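Input sequences plus hints: build the corresponding full structure.
The primary structure of each chain is shown beneath.
Number of protein chains: 2
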Amino acid sequence: MDEFELIATLTAGLPRPDFVRVGLGDDAAVVEVSAPQVVACTDMVVEGRHFRRAWSSAEDIGHRVAAANLADIVAMGAMPRALLVSIAIPAETETGWAADLIDGIQAEAEIVGAAVVGGDTNSTEGPIVVCATALGDLQGRSAIQRGGARPGDQVALVGRQGWAAAGLTVLSRGFRSPRLLVEALRRPEVPYEAGIRAAESGATAMIDVSDGLLADLGHIATASGVAIDLHTDLLPVDEPLRDTAIAFTMDPLKWVLTGGEDHSLAATFPADAQLPEGFRRIGVVTSGEPTVTVDGAEQRGARGWVHFGP
Amino acid sequence: MDEFELIATLTAGLPRPDFVRVGLGDDAAVVEVSAPQVVACTDMVVEGRHFRRAWSSAEDIGHRVAAANLADIVAMGAMPRALLVSIAIPAETETGWAADLIDGIQAEAEIVGAAVVGGDTNSTEGPIVVCATALGDLQGRSAIQRGGARPGDQVALVGRQGWAAAGLTVLSRGFRSPRLLVEALRRPEVPYEAGIRAAESGATAMIDVSDGLLADLGHIATASGVAIDLHTDLLPVDEPLRDTAIAFTMDPLKWVLTGGEDHSLAATFPADAQLPEGFRRIGVVTSGEPTVTVDGAEQRGARGWVHFGP
Chain H
1 MDEFELIATL
11 TAGLPRPDFV
21 RVGLGDDAAV
31 VEVSAPQVVA
41 CTDMVVEGRH
51 FRRAWSSAED
61 IGHRVAAANL
71 ADIVAMGAMP
81 RALLVSIAIP
91 AETETGWAAD
101 LIDGIQAEAE
111 IVGAAVVGGD
121 TNSTEGPIVV
131 CATALGDLQG
141 RSAIQRGGAR
151 PGDQVALVGR
161 QGWAAAGLTV
171 LSRGFRSPRL
181 LVEALRRPEV
191 PYEAGIRAAE
201 SGATAMIDVS
211 DGLLADLGHI
221 ATASGVAIDL
231 HTDLLPVDEP
241 LRDTAIAFTM
251 DPLKWVLTGG
261 EDHSLAATFP
271 ADAQLPEGFR
281 RIGVVTSGEP
291 TVTVDGAEQR
301 GARGWVHFGP
Chain C
1 MDEFELIATL
11 TAGLPRPDFV
21 RVGLGDDAAV
31 VEVSAPQVVA
41 CTDMVVEGRH
51 FRRAWSSAED
61 IGHRVAAANL
71 ADIVAMGAMP
81 RALLVSIAIP
91 AETETGWAAD
101 LIDGIQAEAE
111 IVGAAVVGGD
121 TNSTEGPIVV
131 CATALGDLQG
141 RSAIQRGGAR
151 PGDQVALVGR
161 QGWAAAGLTV
171 LSRGFRSPRL
181 LVEALRRPEV
191 PYEAGIRAAE
201 SGATAMIDVS
211 DGLLADLGHI
221 ATASGVAIDL
231 HTDLLPVDEP
241 LRDTAIAFTM
251 DPLKWVLTGG
261 EDHSLAATFP
271 ADAQLPEGFR
281 RIGVVTSGEP
291 TVTVDGAEQR
301 GARGWVHFGP
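These protein sequences, in sequence, are chains H and C. My numbering numbers the first residue of the first sequence as 1 and each following residue consecutively. My numbering numbers the first residue of the second sequence as 1 and each following residue consecutively.
In short, the hints are calculated from the structure, not lab data. Keep in mind that a hint or two might mislead.
[As the list claims (entries may be wrong)] To spell it out: a stretch of chain C is covered by chain H in this simulated footprint if at least three of its residues, at any positions, have a beta carbon under 8 Å from a beta carbon of chain H; those stretches are:
#, stretch
1, 39–46
2, 102–111
3, 119–127
4, 131–141
[Stated by the list, open to error] Have a look at the derived ranges for each label pair, beta carbon to beta carbon:
#, chain 1, residue 1, chain 2, residue 2, range
5, C, 57, H, 287, 46 to 56 Å
6, C, 139, H, 290, 35 to 45 Å
7, H, 12, C, 177, 43 to 53 Å
8, H, 202, C, 281, 57 to 67 Å
9, H, 140, C, 177, 55 to 65 Å
[Stated by the list, open to error] With the Cβ distance kept under 7 Å, some of the chain C side facing chain H (calculated, not the full set):
#, residue
10, 18
11, 22
12, 23
13, 35
14, 36
15, 73
16, 76
17, 84
18, 86
19, 145
20, 146
21, 148
22, 208
Note that this is a predicted model, so its numbers are computed, not measured. We put the CB at the ideal spot given by N, CA and C, even for glycine.
Structural data, given as structure tokens:
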């Protein structure tokens, strides 16, 4: 199958919503937005580094790549509209693999009504690499940036946090259950709607938790020039985390504080704001050096996932 | 150097034009356009497949990746505004390599006033992979699609055509000159301004020649449901191509017809239109089965570059 045939196979039957004025099959796509600005981000995953084919199906990987990008768009307070997807894949990979990957990407995009509008396929002698770019529409809202948190703000979180990290621990130790945690690693459940609600409800800052809760709140602290203190008793340690931590004699808070693959959303809101549905308060913004503390104490060596480096 | 430090190093000092409302350093970028629609495309290059570090500097590769994307935006009649760049790079690569790559990308973007607004860096055990996505602004114009060519239209070309392919032949045979051709392979000179002029002058279809002149005109023929006939005596066989072809006892038309790395622009214009500056007529659109002929004869086995497959 040559490049043109592969592209034709991959893109056959992909839906094209009305806001996609020019879709796949031209030099570039044309996407309508509701105001003259567009939100854009990109995220790449590398086999062996971000996923293993033994642990995840192509469809799972598609879900994850799409989710990582769509969550970043929502974390700006924007509605995701379009995805562009480039793949480097060894020539000997089964034909169905790339098609399943695109199916997973499309299925995840559909959750928020976004469409795949462009892409590029390439052969490689190395690991599979998938790169996606997402485009979003602010729909008249202001972008929620990292730098807007103010002393006194509430810090709040929505979505599963630490589940994927716990799932990775489970798989790394050779287990295949609890299934819920392993599944959480394979396919994140991103709280897309809650992110849009946060933007509508006056969030002062928001971030997609992809590097770990401490690390990503650290980005907000740095960008906003504030300190953040989390309260242990407010942090969500969900039941599957508690149970598995007991079985492994681990502290489940490690997953909650440093896990980054769930794509939960952390946001700050004014002190008197009612938190939008789904969000729970986990701490407070204070004035001071940009740090993230837990119960007032600094957390060293737990900055979360760092994808680059040794 | 960890991911955060590398990103900080790569992005330090990158310019941020006014239309970039939110640039690097947040979950996503916010880019202003002059109408509520955005043009977007993506293109990925893989070491060993699209470039070799022995043949091209990191800066050259940056120029090429950026040019491939920017040319696609211009081929829609849009002004490029922003680039997002993701890299997979082995941990042992010299630190300067990625910085030089970004320098090359930034320098190419600057030619059209575009800015790097987002990115992602990852380590890999495999070949270097660079993926860029470009965003463009139609500035009130209609998108020029592949499907707009009509029987009777003139077929026209702007930019170097076949130079990069000739440069590849030169390098593949172990030579390092003619320097002009080798340089053309390393850094394309994309006729960006001419592409915008074509859109302003009523081009009916346009395409970035990246798969080869015959292959890409074939895309226009198929999308438009027309036939295209090129005239040998109108095709540009530039002097360095002629001279090198003589030295290698080759037919320089092969480079012109199948070369795809120059990112020249092919477009169709109404029969009575005056071609915009820089464009030269190379053939005519006729009614009939979607084919591309040269002097009325079909060209078999010369469809140009196909990046995927054996």
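The hints, checked one at a time:
For the stretch 39–46 of chain C, the stated coverage by chain H is satisfied: 8 residues place a CB nearer than 8 Å to a CB of that chain, which reaches the threshold of 3. Counting residues of the stretch 102–111 of chain C whose C-beta sits closer than 8 Å to any C-beta of chain H gives 0, which falls short of three, so the coverage hint is violated. Taking a C-beta to C-beta cut-off of 8 Å, the stretch 119–127 of chain C contributes 9 residues in contact with chain H, enough for the three needed, and the coverage statement holds. For the stretch 131–141 of chain C, the proposed coverage by chain H is satisfied: 6 residues have a C-beta within less than 8 Å of a C-beta in that chain, meeting the threshold of three.
Taking the beta carbon of each, residue 57(C) and residue 287(H) are about 48 Å apart, inside 46 to 56 Å as hinted. Take residue 139(C) and residue 290(H): their Cβ atoms lie about 40 Å apart, and the range 35 to 45 Å holds. Roughly 46 Å separates the CB atoms of residue 12(H) and residue 177(C), a value that falls within the hinted 43 to 53 Å. In this structure the supplied range 57 to 67 Å holds for residue 202(H) paired with residue 281(C), their Cβ-Cβ distance being about 59 Å.
For the pair residue 140(H) and residue 177(C), the beta carbons lie near 58 Å from each other, so the given range of 55 to 65 Å is met. Hint status for residue 18(C): violated, given a least beta-carbon distance of 12 Å to chain H, over 7 Å. Interface restraint check for residue 22(C): the shortest CB-CB distance to chain H comes to about 6 Å, inside 7 Å, so the restraint holds. Taking 7 Å as the C-beta cut-off, the interface hint given for residue 23(C) is violated, the closest approach to chain H being about 11 Å.
Look at residue 35(C): its Cβ gets to within about 6 Å of chain H, closer than 7 Å, so that hint holds up. Checking residue 36(C) against chain H by beta carbon gives a least distance of about 5 Å; that is within 7 Å, so the hint holds. Because the closest C-beta pair between residue 73(C) and chain H is about 6 Å apart, less than 7 Å, the hint holds. Among the interface hints, the one on residue 76(C) holds; its C-beta lies about 5 Å from the nearest C-beta in chain H, closer than the 7 Å criterion.
Here the hint on residue 84(C) is kept, as its CB sits about 4 Å from the closest CB of chain H, short of 7 Å. Annotation: interface hint on residue 86(C) holds; nearest CB of chain H at approximately 4 Å, less than 7 Å. Against a cut-off of 7 Å between C-beta atoms, the interface hint on residue 145(C) holds, since the closest Cβ of chain H lies about 5 Å away. Interface hint status for residue 146(C): upheld, as the beta-carbon distance to the closest one in chain H is roughly 5 Å, under 7 Å.
The criterion of a C-beta within 7 Å of any C-beta in chain H is not met by residue 148(C), whose closest approach is roughly 10 Å, and the hint is violated. The beta carbon of residue 208(C) comes within 5 Å of a beta carbon in chain H, closer than 7 Å, and the hint placing it at the interface holds.
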